[in-house]
Each structure stands twice: as structure tokens, then as C-alpha cells.
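Once you've looked at the hints, dock chain B against the given chain A.
Those protein sequences? They're chains A and B, same order as listed.
Using our numbering, the letters of the first sequence map in sequence onto residues 214 to 481.
Using our numbering, the letters of the second sequence map in sequence onto residues 13 to 299.
Bear in mind the hints are in silico, worked out from the structure with no lab data behind them.
We treat Cβ as the ideally placed atom computed from N, Cα and C, and that holds for glycine.
Be a bit skeptical, because a hint or two may be false.
[Unchecked claim] Derived contacts from chain B toward chain A, CB cut-off under 8 Å, selection only:
#, residue
1, Val55
2, Phe66
3, Lys76
4, Arg104
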Amino acid sequence: MNLYMKIRHLLSVEWLVIRKYTPFWVLSIMFMALLPLMNILIAKGILRVGGGDINILSNAYSFSHVWGNVSYWASILVIFLTILIIILTTNDFQNRTHRQRVIEGWLKKDYYHAKCLIVFIGSILTTCYVMFCGLALGMLYGAMSNFPGNMYKLIYFWIYTLNYFGFAMLLSIFLKRSGLAIGVFIFYVFIIETIAVNLLNWQTKTKMGSFLPLESSDSLLPFPLNALVKEVLQQTNEPAEWTYVLASLIWVLLYYIIGRRKLLRSDW
Amino acid sequence: MKSYGPIPALKGISLQIPEGSVFGILGPNGSGKTTLLAILLDVLRQDAGKYEWFGGIPAHEARKQIGALLETPNFYPYMSAYDNLAITAKVRGLTTDRRDEVLAMLGLLERKHSRFRTFSLGMKQRLALAAALLGTPKVLVLDEPTNGLDPVGIAEIRNLILELNQQGITVIMASHILDEVEKVCTHVAILKSGTLLIQGAVDDILRSEDVFELSAHDMQALENIVQNMPGLRKIEKKKDLLVVYPDENVTPAMINEYCFSHGMVLTHLVLKKNSLERRFMEITEKA
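Isolated chain A (complex conformation) (with noise of 0.2 Å):
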């Protein structure tokens, strides 16, 4: 079997089983229906923060400033597909179903490539939605100027979905419990690395503390307002971002080293 077989029989095999999965579609579809519902909100100033003339939500939609805005929005809402792919992994070991693909002829790395492949596919499908939101929004609030501008934003989005998903597909299958993983998942991104980014940042008065797992790509898609004092202010000592777009996907690189090792040499 050449590859593009592979990957096109393992993908069938997992359309199969997610194709019947209500969860699928109802994380899915909240998905895409809130990210265009939250924009248009900001962008006709009817969801807006602040009092009176000030309202720090940006309601910038031209292009370029539409990507930034757009892919931040995302991000926070992309928590639900986090979710969903710990709750596909899960279901996994909770059915002994990956058991039963090995049973009937994969290789255990097969069933790896697999999930893998959801988490790769998932978050090309996610950036292209957003992608296509972002043109909706644009020509609908923005102006078109400096079309398309800063789509570049998109390649960072890709690469936070993809470290999201990743993460929460190794943190899944340490755990193997979806409620176990999706506690632990919340928690950490919530808390543990919020207050071990400030805390290292701090402490070491480098900007160690936004190298870490998932702070790592947060910073590439950063709340739209703080990007635009950035611009404005010029500031000089904030690491590059492609530093941040290569420690991303060393992180990614690690999640798929490790979860290989822990699947390939553990019973299952």
C-alpha cells in the first residue's frame, strides 16, 4: 500500500466512526456557528467592552486587521475542537475499540497515524473555515483596501489549532478517560500555564515563560488590541514571532514523539 492509500484508508476507517457521533456534530456546528455569530457582534459594536466612546474589542474588520481579529476569536472558540478530539481519542480506550483495530489487522502505529491524521486533517479544516469566515467578514464590515493583507495570521492560527489538538490528543492518551483528560486539559491550560508563564517570565526577566507548550502559540495570535499597542509602540524586546512559530512545532513535534513511544511500547 503507497501512502496516499494509507492515509485514505485510515481516514476512511475514522469517517466511519465519527460520521454517526452526535457529540461530532454538535461541537462542530457550535463551532461554526458562534464564530461568525461573535464576529458580526463585535463587528456592528453590539458585543462590545468598555463604557461610553471606548470599547476594547475591535471592531476593525478591514483587511488586514480582519485576520488578526478573526483568528483570535477562533482561538478561544477552537477550546471546543480540543475538546471533541479528546473526546474522540478517548472514546477509544473507554470501547477497547483501538484494541479491536489492532485485533483485525493494524498496526499499532496504524491506529496512531490515525488519530494523528484527525488532529492534522481537523486543524486544516478549521483554518480554512476561518479563512472563509475571515473573507465573509471582510467584505461584509471592512474595507477592501489592502486586500487580502496579513493572511499569514491564518498559517499561525494552523499551527495553534494544530498544537491545541495535539496537546490535548497526548494529554488523552495518558489518560484515557475523556472526563479525566477534559478536567485535567481545562485545568491546565486555564491555570497551571497561566501562572507558570507569569511566574517564569517574571523570575527570570527573559520571556522564557511564553515558550511553553500551548503560551507558545498564544502568543502568535495575541488579544487584538494588545497587537495593536504593540504596533503602535514598536516595542523592540518581545521575541521575534517566527521564534514562536518554531517552538510551536517543536512542541507539536514532541506531542507526536511521545504519544508514539507511550502507545507503541505499552499494552493495550
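Below, chain B alone, put in the same frame as chain A:
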């Protein structure tokens, strides 16, 4: 060889399974039956040792020709029997759709569109067997195949196994039910605490033997006399009985005559079938 932490589960087992046989792996709970099968299916990693399928083709290629049921039926609870089997078919790369055929074989055709989670334990077990048969396997590996089935179901599955074997499928099955192994299998290996006690043809190992129980007023004299009688393999002393293991053509009349001719009057002479359970105990206790 396989250990779970410090606990050895299998201690160096060597088996060869003849093509066309129904090979039973018999042993009490925790004797290592499932561990052994799981290693053969690459689900568990052995600490040492190796196995070969079909004379040494790659293990995952071999698994495509093996239908297996290991421990529990593993399916997606939210999907129907039919959809679950579609996944099996896809994984195995099957081109013809035999789902209706195997579901009918296992009596599940009417429930093919029911979700797996609504199935009873017995139905889940049947679906697992259906999945194992889907790829027209050369070998079936069945771990406690009648687990969770009612008596009718058990009889049906045993007949199915025999029928499939007649069609040329080699069957390897683990069981803790002696009677099942005796009824279904042609060969047997007996495991206890991860050790292989004995293996061979079922007829040799689990042969049910005739034994005679004798008694007389003077037990010591009786023993002395019987010891010299030709055609007896073994004599066992019980509280107020002698149990003797005769060769095949020794009849009660011969024993009676022999004793009487040596001046001994028997007060008790009974022919008994040595039960399989007893035979099993003998084998497992010897170790």
C-alpha cells in the same frame, strides 16, 4: 514470557497448533489464557519469546486472516450492529459485503439496525463472533466464546464452532469450562498459573476412565491380592475402599473371579466413570 509488574503471568510456554484442529486452552481463571491469546494478537507485548503465524508471514498480515474475539466485545455503543461491522469490513479491506450473512449465522439479523448499547451481553458476544467471521478467516481465536450466553446459545455457538471447523477453519479457543473443551476441541493445552502443564490430543488427555471400587473385610489382604492381578494400571487406597485403574478390557467379572480364586470374598465391587473434573484435578494438582 510475560509479567505484570513483579507478577509473572506466563512462564515460558511452547505450543504448536496443528492446522485444522480445534485447539483448546484450558485453565482456571487467572491462569494466563487471555494473556497468551492477547500476545498472539499483538495486543499485549511479551517480555520474551516469539510466535509465528502461518509459517512466519508478517504478524499484521496474518491477523487479516484471523478472526478473533478477545475478552470483551469491542464496539462503538452509539452505532448499530450493521455500522459497527462496516468498520470491521473497512479495516480488513473486504470488498464483498457479508454482513447480512454473518449476522444471520449468529441470529442477529433482525437486530442489525439496533444500537450496540441496547444489546444484551449474549448479543454483544454474538456480534463479536459475527465480526470475527466477517473476513472469512482461516483461523478463529476465541477467548471464552460462550461467555454470557444462555444454555441454548451455548449449544448453538458450540455447534457453530464445530461446523466452521468442518469447513476447514482452525479454531484456537480459551476456556475454563472443562466440559466445553471436551465437547468441542480436538487438542488441548492445560495452563495453570502461567505454566503449561500438559498438551496433546483431547482423547489422550481428557480420556474419561473406568475405575473399580473394591472392598472386603480384610482390606490389607485384598490389597496384597489385587496388586498381583494382571491388567491393572494403578491401585489407590482410600479409607475403606481400594480404587483400581484397569486396562480397557478388564471387566468386573474378571476382578470378582480373580479375587474369589485367591480366597477373597468382595463385599463391594462397583464400576465407576472417572469424571473429567477429577481428571482435571489430577493434572492440575500434580503440578
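Evaluated hints:
1. A cut of 8 Å between beta carbons decides the hint on Val55(B): the least distance to chain A is about 5 Å, and the hint holds.
2. Taking 8 Å as the C-beta contact cut-off toward chain A, the hint placing Phe66(B) at the interface is violated, the least distance being around 13 Å.
3. Of the supplied interface hints, the one on Lys76(B) holds, with its beta-carbon coming within about 4 Å of a beta-carbon of chain A, less than 8 Å.
4. For Arg104(B), the interface hint holds, the least distance from its beta-carbon to any beta-carbon of chain A being 6 Å, beneath 8 Å.
Violated hint: 2 only; the structure is consistent with all others.
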